[in-house]
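Peer 1: Chains as they are written, first to last, in the numbering used here: chain A, 2 to 202; chain B, 2 to 202.
No wet-lab data here; the hints were simulated from the structure.
Check each hint, because a few of them may be wrong.
No copy is singled out in the list; a pair is fine if it fits within one copy or between any two copies.
To be verified - In silico SDA-like cross-links for lysine to any residue, where the CA-CA straight-line distance does not exceed 25 Å:
#1 K70 / R12
#2 K70 / E117
#3 K70 / G42
#4 K70 / L86
#5 K70 / P142
#6 K70 / I40
#7 K70 / E159
#8 K70 / D41
#9 K70 / Q122
As a plain string of letters, each chain reads:
2 protein chains.
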Amino acid sequence: MPPTARTTVRRHAERARYDTETVHAILDEALVCHIGFAIDGRPWVFPTTFARIDDRLYIHGAAGNFGLKTLAGSGAEACVTVTLLDGLVLAKSAFHHSMNYRSVMLFGRVTAVTDEAEKRQALDAIVDHMVPGRSADTRPPTAQELRATLVVRLDIAEASAKVREGDPIEDPADLDLPHWTGVIPIRLSRDEARPAGTLHV
Amino acid sequence: MPPTARTTVRRHAERARYDTETVHAILDEALVCHIGFAIDGRPWVFPTTFARIDDRLYIHGAAGNFGLKTLAGSGAEACVTVTLLDGLVLAKSAFHHSMNYRSVMLFGRVTAVTDEAEKRQALDAIVDHMVPGRSADTRPPTAQELRATLVVRLDIAEASAKVREGDPIEDPADLDLPHWTGVIPIRLSRDEARPAGTLHV
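Pulled out of the complex, with its shape left as it was, chain A reads as follows (with noise of 0.2 Å):
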């Protein structure tokens, strides 16, 4: 993906990719997306879940739902932000101490989905993208459930990821001091799966 001014990354070009294999990947692997938009200049952040599609990223809540509402409604602009936390990165110094993270930054006008068919397969996609196959193991949404909630998209076109890994960076000058450095990982796991107490079969 070429970089644009708002996808180059500024701060450790280094760590930059631009590559849409590490963005599709990070996204993927995301479970929860921080969607940012400003409203008459004031700025809100909402965690939610999403889908990717291709190079669409899907995004639902309630039809009723203020901030996707406002958003699809006024054509502004949003910045979508996926966080990967990998491990906490231990230095010598307290000033070299950093985090290992996957992330991307994801800037678009985002439109509502109207056509019926697209809604769907991006209600599908948001399911299977918590438990893959799942939407193949749930009773579909009913045109009723489908008016109910609303879907937007975001095209992946302008986009950046961000990727630190590894040890820390030490001063030569504090190697020999007495602190433990290292990598403590990070990641996100699922426990056993507890069945509801509604559950009957």
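Got chain A; can you put chain B on it based on the hints?
Peer 2: Same frame as chain A, but now just chain B:
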């Protein structure tokens, strides 16, 4: 915390929490926040680490950090959102699929911290937020490192939390459908620490 127009939860108001204790607990558990703001009307959302001291939130970056520097210099408002994902909620219907989460949304203007003692205290808190007590077991920042670091403060005055927990909602008509329902618990786990290649002791 008294809810304002911005912090009043509109969607699923029963999930809103306005008490300081809940807001602080979510902030203290989360390792990353997403800070959003508009520059010339265009939105940005940056992921970053942070720390809380009493009713103040601190964020740091390089002194030349584009986003933070612009934000602190402009006096523009920011929205800081913190999200802890607790579970994937699988219902009989695609429509009632959901997530369990705890989130905080916080609004305000950031100010650059210029007092050296406050700046050191904030940086210690950021290191201790990663690993409690760690700031006492590292080399503290030099005067030059302090100058190279921008620390901004945001008062935790206009904030609310939103919490979803527990089983899926089900339509009564769906209860006998043959789909598994329940919650897949999600948590951020720390794996065994991996010493750096540069570790001398």
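Peer 1: All the hints need checking, so say for each whether the structure fits it.
Peer 2: Hint by hint, here is what the structure shows:
Taking identical chains as interchangeable, the C-alpha atoms of K70 and R12 lie at most 25 Å apart only when they sit on different chains, with a minimum of 12 Å there against 34 Å within one chain. Taking the closest pair of Cα atoms, K70 and E117 come within 25 Å of each other only inside a single copy of the chain (18 Å); across copies the shortest separation is 44 Å, beyond that limit. Taking CA atoms no more than 25 Å apart as the test, K70 paired with G42 passes in both settings, with 17 Å inside one copy and 18 Å between copies. Taking identical chains as interchangeable, the C-alpha atoms of K70 and L86 lie at most 25 Å apart only when they sit on different chains, with a minimum of 24 Å there against 30 Å within one chain.
In this homomeric assembly, K70 and P142 come within 25 Å of each other (Cα to Cα) only inside a single copy, at 20 Å, whereas the closest approach across copies is 46 Å. For a Cα distance limit of 25 Å, the shortest separation of K70 from I40 qualifies both inside one copy, at 12 Å, and across copies, at 22 Å. Proximity of K70 and E159 under a CA criterion of 25 Å is satisfied in both settings, with 22 Å inside one chain copy and 23 Å between copies. Proximity of K70 and D41 under a CA criterion of 25 Å is satisfied in both settings, with 15 Å inside one chain copy and 22 Å between copies.
With identical chains, the CA atoms of K70 and Q122 are at most 25 Å apart within one copy only, with a shortest distance of 20 Å there and 42 Å across copies.
In terms of the numbered hints stated before, the structure departs from none.
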